[in-house]
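Just so it is clear: in the sequence shown, position 282 is 282 by UniProt numbering, and no numbers are missing.
Hint data in this document are derived by calculation from the structure and do not stem from the laboratory. Computed from a predicted model, the values in this text were never measured in an experiment. All residues carry an ideal CB built from backbone N, CA and C; glycine is no exception. It is possible that some hints are incorrect.
[To be verified] Distance windows between CB atoms, simulated:
1. 382 x 196: 47 to 55 Å
2. 332 x 197: 36 to 44 Å
3. 293 x 469: 48 to 56 Å
4. 470 x 251: 41 to 49 Å
5. 103 x 133: 26 to 34 Å
6. 132 x 111: 24 to 32 Å
7. 189 x 108: 22 to 30 Å
8. 137 x 327: 38 to 46 Å
9. 133 x 394: 26 to 34 Å
10. 52 x 385: 23 to 31 Å
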Amino acid sequence: MFLDISSPLVSAIIAVILGIYYWYWHRDIPDGPRGLPLLGYAPFFGPNPQHKFLKFKEKYGKIFSMYMGTQLTIVLNDYSAVKEAFITQGEIFSGRAAGFVFEYISRGKDGKIHGFFLDSGEKVKKARRFILQTFRDLGMGKDRMQNCILEEAETLIEIFRANAGKPFDPLPTFNASVANVICGMSWGRRYSHDDKRFQKVLSGFKVIPDLLSQASPLLGFPFLRFIPGTMKNKWDTALRAVRFNQNFTREVVLEHIQEKHEGEPRDFVDTFVNQQRAEEAVKIKTKEDKVYEMEELQQDLGTFFGAGVETTSTSLYWAILYMAHFPEIQKRVQREITENTPAGFPVKVEDRSKLPYVEAVIREIQRCANVTPFGILRCNLEETTLFGYRIPKKSTIMVNYLALNQDPTLWDEPEKFKPERFLNKEGKIHEPPYFMPFSVGKRACIGESLARMEIFLFSANILKNFDILPCPSSPLPSLDEYTTGISCRPTYYKIQLSARN
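Starting from the given sequences, assemble the full structure and let the hints guide the process.
Encoded structure:
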């Protein structure tokens, strides 16, 4: 005899069982906002969820939980929580919780996920060691890398000079310049800013960041890409751009390999190919242990290109906007550059120690603009506890960096733009540990050194050569007007450049 599931008794029993299961699974987990069944809290994110998360700090404290779709997500809303998770328990929290979109675009023709970005464990450690060592060998932080950036800065300044005195949006030039630095580092080539293929690659940066946003509905609801409407259109457009960029990378890698260069490696691809040959020479058969396969190389280059261009060019875009909004600070920056660098020569890395105010302004822009609002999502590789709360294995871990950058217990008047906060009593640069624009721990940004050098050299040389002025025919957007994707990008704007003597 079958039970009548419509009877009140059976309904009550089912409700009790579900309640016990829910209580058991959620025991000791941080409290947080309630969402909808199957959908979680994602429908309530809004365009800039970091502000909503900041308000939750008052209600739930330094850690709270929510569901993104059916995935449990732990949000770290405080410096001490980030320090405990990413530094004290760094090994446990060294996993990558990329979600559906990153996994989809990282799958090779063999159906497997490739690239160091999504790996964890020994394989990612090996890959990161190789990448960092290669960067060092190629001159990361040395003359070779600086010369690559300064060559591109010279082209950028020529383009700026050609557009002086008229409305000008610098973002396309920033995208091309930063991308060229990465191309030079990766496969030893730079492209004309007018190159049609190169321009098509760069055009992807207008649509791909929305697809990869940590706040994208696709993160929790992949099925939305099949439903006609805005989300499907965004998915189709962005995916076409991703595939074009992947094919572009694959072609330049194959062209580079076919050159069969002998001797010292010229770039990352040369070094990778040499390492691949060495791996094959010792007959490593275990495919899972291999770091040096072509699929891995193509995905790694895609990561350099995607993450490096978006965040660095956005940082530069913010820098120009802030200088237009704060002309007195701009004048002080220019005065320091003029007094401490020789006329007629570019600002170089070795000038950094003489330009502490320039460095302080760059850091304050990164803090106020909150360029990477959530960083890249991580996961804990095993169950653990944070401040007495249970964190189930493979929970998604998200950091709300706005909570750190606007914390009044860490910063004096955090809502104000005050570059002096990064200078000590002797006037030298001081960077507190709770300032982390490139994240911290075992999954911190692998390109931090390159990004810092690019932002400094491009910014300083622009301000050495130009005054940044508001455009009379195109009012500047407020500093509070931006969209949240991989990065917080300001509303598109135009400025007017005036060449300095």
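Next on the checklist: A range of 38 to 46 Å was offered for this pair. Does it hold for the Cβ distance of residue 137 and residue 327?
Outcome noted: Hint holds: Cβ distance 43 Å, inside 38 to 46 Å.
Item to check | Distance restraint hint 23 to 31 Å, applied to the beta-carbon atoms of residue 52 and residue 385 | outcome: holds (26 Å)
Next on the checklist: If I claimed the Cβ atoms of residue 470 and residue 251 lie 41 to 49 Å apart, would that claim hold in this structure?
Outcome noted: Holds, since residue 470 and residue 251 (Cβ atoms, about 42 Å apart) stay within the stated range.
Checklist entry - Is 26 to 34 Å a correct range for the gap between the Cβ atoms of residue 103 and residue 133? => result Since the Cβ atoms of residue 103 and residue 133 sit about 28 Å apart, the hinted range of 26 to 34 Å holds.
Checklist entry - Is the distance from the Cβ of residue 293 to the Cβ of residue 469 consistent with 48 to 56 Å? => result holds (51 Å)
Item to check | Hint check for residue 108 and residue 189 - Cβ pair distance inside 22 to 30 Å | outcome: Check passed, 24 Å falls within 22 to 30 Å.
Checklist entry - Taking the beta carbons of residue 382 and residue 196, is their distance inside 47 to 55 Å? => result Distance hint for residue 382, residue 196 holds at roughly 49 Å.
Checklist entry - CB of residue 132 to CB of residue 111, is that within 24 to 32 Å? => result Between residue 132 and residue 111, where Cβ atoms are some 29 Å apart, the hint holds.
Item to check | Distance restraint hint 36 to 44 Å, applied to the beta-carbon atoms of residue 332 and residue 197 | outcome: holds (42 Å)
Checklist entry - So does residue 133 sit 26 to 34 Å from residue 394, Cβ to Cβ? => result Cβ of residue 133 to Cβ of residue 394: about 30 Å, so the range 26 to 34 Å holds.
Hint compliance for this structure: every hint is met.
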